[in-house]
Structures are given as C-alpha cells and as structure tokens.
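Undergrad: Okay, here's what each chain looks like letter by letter:
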Amino acid sequence: MSAESRIQELGLMLPPSVPPGGIYKPLVISGNIGYLSGHGPYLGDDKYITGRVGEDLTLGEGQEAARQVGLAILRTMKDQLGDLNKVGRIIKVLALVNSANDFCQQPQVINGFSELMKEVFGEDRGIGARSAMATNTLPGNIAVEIELIFELAE
Amino acid sequence: MSAESRIQELGLMLPPSVPPGGIYKPLVISGNIGYLSGHGPYLGDDKYITGRVGEDLTLGEGQEAARQVGLAILRTMKDQLGDLNKVGRIIKVLALVNSANDFCQQPQVINGFSELMKEVFGEDRGIGARSAMATNTLPGNIAVEIELIFELAE
Amino acid sequence: MSAESRIQELGLMLPPSVPPGGIYKPLVISGNIGYLSGHGPYLGDDKYITGRVGEDLTLGEGQEAARQVGLAILRTMKDQLGDLNKVGRIIKVLALVNSANDFCQQPQVINGFSELMKEVFGEDRGIGARSAMATNTLPGNIAVEIELIFELAE
Numbered sequence: 001m002s003a004e005s006r007i008q009e010l011g012l013m014l015p016p017s018v019p020p021g022g023i024y025k026p027l028v029i030s031g032n033i034g035y036l037s038g039h040g041p042y043l044g045d046d047k048y049i050t051g052r053v054g055e056d057l058t059l060g061e062g063q064e065a066a067r068q069v070g071l072a073i074l075r076t077m078k079d080q081l082g083d084l085n086k087v088g089r090i091i092k093v094l095a096l097v098n099s100a101n102d103f104c105q106q107p108q109v110i111n112g113f114s115e116l117m118k119e120v121f122g123e124d125r126g127i128g129a130r131s132a133m134a135t136n137t138l139p140g141n142i143a144v145e146i147e148l149i150f151e152l153a154e
Numbered sequence: 001m002s003a004e005s006r007i008q009e010l011g012l013m014l015p016p017s018v019p020p021g022g023i024y025k026p027l028v029i030s031g032n033i034g035y036l037s038g039h040g041p042y043l044g045d046d047k048y049i050t051g052r053v054g055e056d057l058t059l060g061e062g063q064e065a066a067r068q069v070g071l072a073i074l075r076t077m078k079d080q081l082g083d084l085n086k087v088g089r090i091i092k093v094l095a096l097v098n099s100a101n102d103f104c105q106q107p108q109v110i111n112g113f114s115e116l117m118k119e120v121f122g123e124d125r126g127i128g129a130r131s132a133m134a135t136n137t138l139p140g141n142i143a144v145e146i147e148l149i150f151e152l153a154e
Numbered sequence: 001m002s003a004e005s006r007i008q009e010l011g012l013m014l015p016p017s018v019p020p021g022g023i024y025k026p027l028v029i030s031g032n033i034g035y036l037s038g039h040g041p042y043l044g045d046d047k048y049i050t051g052r053v054g055e056d057l058t059l060g061e062g063q064e065a066a067r068q069v070g071l072a073i074l075r076t077m078k079d080q081l082g083d084l085n086k087v088g089r090i091i092k093v094l095a096l097v098n099s100a101n102d103f104c105q106q107p108q109v110i111n112g113f114s115e116l117m118k119e120v121f122g123e124d125r126g127i128g129a130r131s132a133m134a135t136n137t138l139p140g141n142i143a144v145e146i147e148l149i150f151e152l153a154e
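Protein sequences appear in the order of chains R, E and F.
Residue 1 is where the first sequence starts when you use our numbering, and the numbers rise one by one after that.
Residue 1 is where the second sequence starts when you use our numbering, and the numbers rise one by one after that.
Residue 1 is where the third sequence starts when you use our numbering, and the numbers rise one by one after that.
Hints are computed from structural coordinates only; laboratory data are not their basis.
Misleading hints may appear alongside valid ones.
Straight-line C-alpha distance at most 16 Å; calculated EDC-like pairs for lysine to aspartate or glutamate [as the list claims (entries may be wrong)]:
#1 K25(R) with D79(R)
#2 K86(R) with E4(R)
#3 K118(R) with E4(R)
#4 K25(F) with E123(R)
#5 K25(F) with D124(R)
#6 K25(E) with E115(F)
#7 K25(R) with E123(E)
#8 K25(E) with D79(E)
#9 K25(R) with E115(E)
#10 K25(E) with E123(F)
#11 K78(F) with E151(F)
#12 K25(F) with E115(R)
#13 K86(F) with E151(F)
Beyond 12 Å from chain E on every Cβ pair, some chain R residues (computed) [as the list claims (entries may be wrong)]:
#14 Q8
#15 E9
#16 G60
#17 E64
#18 D83
#19 R89
#20 Q108
#21 K118
#22 E123
#23 D124
Ideal Cβ positions, reconstructed from N, Cα and C, are used throughout, including at glycine.
Please put together the full structure from these sequences, using the hints given.
TA: Encoded structure:
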C-alpha cells in the first residue's frame, strides 16, 4: 500500500507547511539521496510543542512531540516532492531530545517518531538507521529536533 | 562569479589552517560528496572564540563566532581542494551551539555562518539543508561547532 | 593486513551483539555507503559504561568508553556484513560525549575510538572525517554515543 493511501487510511492530519526558521533549504537532493533539515514538533500557527523532557514534559508527552515532528517531516516531504510515494526509504535519522540532566530515555521518546514512519511507509522502508541523542536546550525550546536522510523511490 | 573572486571582492580574511584537534581527517571525499569534519571558530595562533551563548556571549557574538567557523571551513576547503571553485554546492550543515540552558536562538546564531556561505557561493550553491542544535559544552569551550556535507563541482 | 587478521593479532575481544535499543536498524546500506546507528559502550549482559565525563568519569575512563563503543561497532559491522574485510574505509564519525558543563576535552575522549579504528583498519581506511561534540546526558546515561558512515570494500 502506498504512503499516500496509508496517510488517508490512518486519518493522519499533517500540520501546515513549516515556516522557515533560518537561512536554509528544507530539503536538498543529491543523486538519489534526500537530505532533510532539522524539524521540530510543529503544530501550525507558529506553535510548537516545547519543553524539556523529564522536567517540563513526561516521557509520553515527549513521544507525542516526536510523533509530531514526524508529521511535520511528512508535510515537508509532500511539499517538496509533491507526493509521499516519491520517498523510497528512510536511510538514517538523527534525533536530539531536549532533556533534563537526569533524563535518559531518548530512544523511547524517538520511538514516537519511528512508529509513525513504520505506520506510513511500512517497516522495511520506514525504519532506517538511527541515533537518538540528547541536549540541554533546542531552538525555541522545542522538545525534539530530527533530521533525516532518505532514498528517493526509483 | 566564482567563489575565489567573491572572497577577494568581499575582502574576506581566512584564518590560518586549523591545527588538527584529534585523530581525524579534515575532509573525506567519497564519490562526488565531501564530508567535512567539525570545525570551530578558529582565529589563528591556536585561539578560538570561546564561551556559552546566552551566558558568556550575546546572540550577536554567537553569530560572529558562527561566521568565524565559516571562514575556518573555507580555509580547510581551500587547503584540501586547492581551490574553492571545486566546491559545487553545500548539501547539509549540522551545527551545535554551546548554549546556556535557557538559550533558544540557535538558528539565529547559525545564520551568521549561512550568510557567509551565501555571500561566497551564492544562495543556490551556498545554502543547503541545515540542522541548528544546542549543547551544554563543546571542545575547548568553543562557542559553535559545524560539520557539513557538500557536492564537488563537476 | 586484513581487519579480521588484525582483530586476531591484537587479541581484541568484541562484545556480544548489541541488543536493539529502540525502533531502528543497526545498519542501512545505500549504494556503496553504510550508515551505522548510534552505538554506546556495550559490555554485554545489557551493561554499558555509564556516567558523565568530567564528573562521574575521568578523561581516561571516557577514552576507555569511546574505545568500547568502537568494539561494539566492530561487532555490529561483523554481524551485519559477515566479515570486517567488507568495510572499505570510514568516511565520517559523529560522536557525542556525555559531559559535565565544564568538560571540554571531547576530542581526546573520542581519540580512544579513533585509535582503535586505526589499529584495526590502518590509518588510511580507519580514520575518517570526525565531529566530536558534547551533551548533558545520553540514553541510559551511557558515557559516549557514536554513529558513523563508511564505504563498503569494492
């Protein structure tokens, strides 16, 4: 089943296009590889899910934020490629979680993102290599920032 | 206009070659893609712009540091490739800002770098995908560290 | 000398296969490039070297942790490729050190990893571009997390 059909079937609501947060391109394609800029958990109307996980946000709220980053990334992919079916498969994900000093469950947080990708693209194409890491703060105090590399469909 | 001519026209002063900070290569080329190691805001004479933005440094000083990282990167590109005109275009930038816990303007800081790349290579070739992230500290307490991927000119 | 022979000659003990820490693949190959997920200093039996360098761990202990990440990465490469001789060369390393706010020797920590790669693959193939960065915490409070990109052998 195609990613576009899955979005419909799952009733997923993609947020509006993410406003540019600085001087960069949302996506650069080189050969058959797409490099996607860091995305936050964008909700629309210039609002993001913000806060430090383990301090302002619970693990569950962090997972929700990671899922929202995924929805924002799907929006950017759709905007930039015209169609999600042009995504071949995800190669690698780099994710930073805005973390309290004693918060250590970044992989569980980022699973919120990876689950969404699995639902939309399937396990084979939606799950890539991944690094879940932490940081003491993030732009606009967003809860999670994720960048990724993907292969274009042939 | 070529990058080399732009450097001259803008009167940019590149710092001396960055001394190796550990066991790594400044640049690795695979196919037509160059992978550049993390760079700091090198000033020459083993000096870097140091400090935590939002604590020791203002936003403006952070931007200046990000621009200095860009100058150090241009120096390494020139050293390694012989000529900046061999840079085709920037694909992706990963930037970490040494940040106070409540500092959230990392994208604005890194714009100091991206503006320089735009001046030197032009918008099309100088601006890639980008992730601006934060951290609580950096090697030698430098203010900003940036790595990037670029395409070689054909 | 081949990487497999070097492992033997050096008497290196690779840890058991790293248990999956979330929803991701240990390695994704696209064209002739391998993208390896973030790895920690895995010891076996679900145990990792943990703690913040400059606070819980000394520089030397951090270097030991970085070396242990390298051993875990070699294990994953061997598991996934069948044979370490299929690794052509390391292209780029991204390393985050779990760091006290005033700890600034991340490159020295990560040299513990890079030295191991040099021992196993030799300087030409084992040393790539590198970014050594810091963070306030990491998954499971591991001391170091490293991801890398490598070329497959022809």
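Undergrad: Find the hints from earlier in the document that the structure breaks and name them by number, from lowest to highest.
TA: Violated: none.
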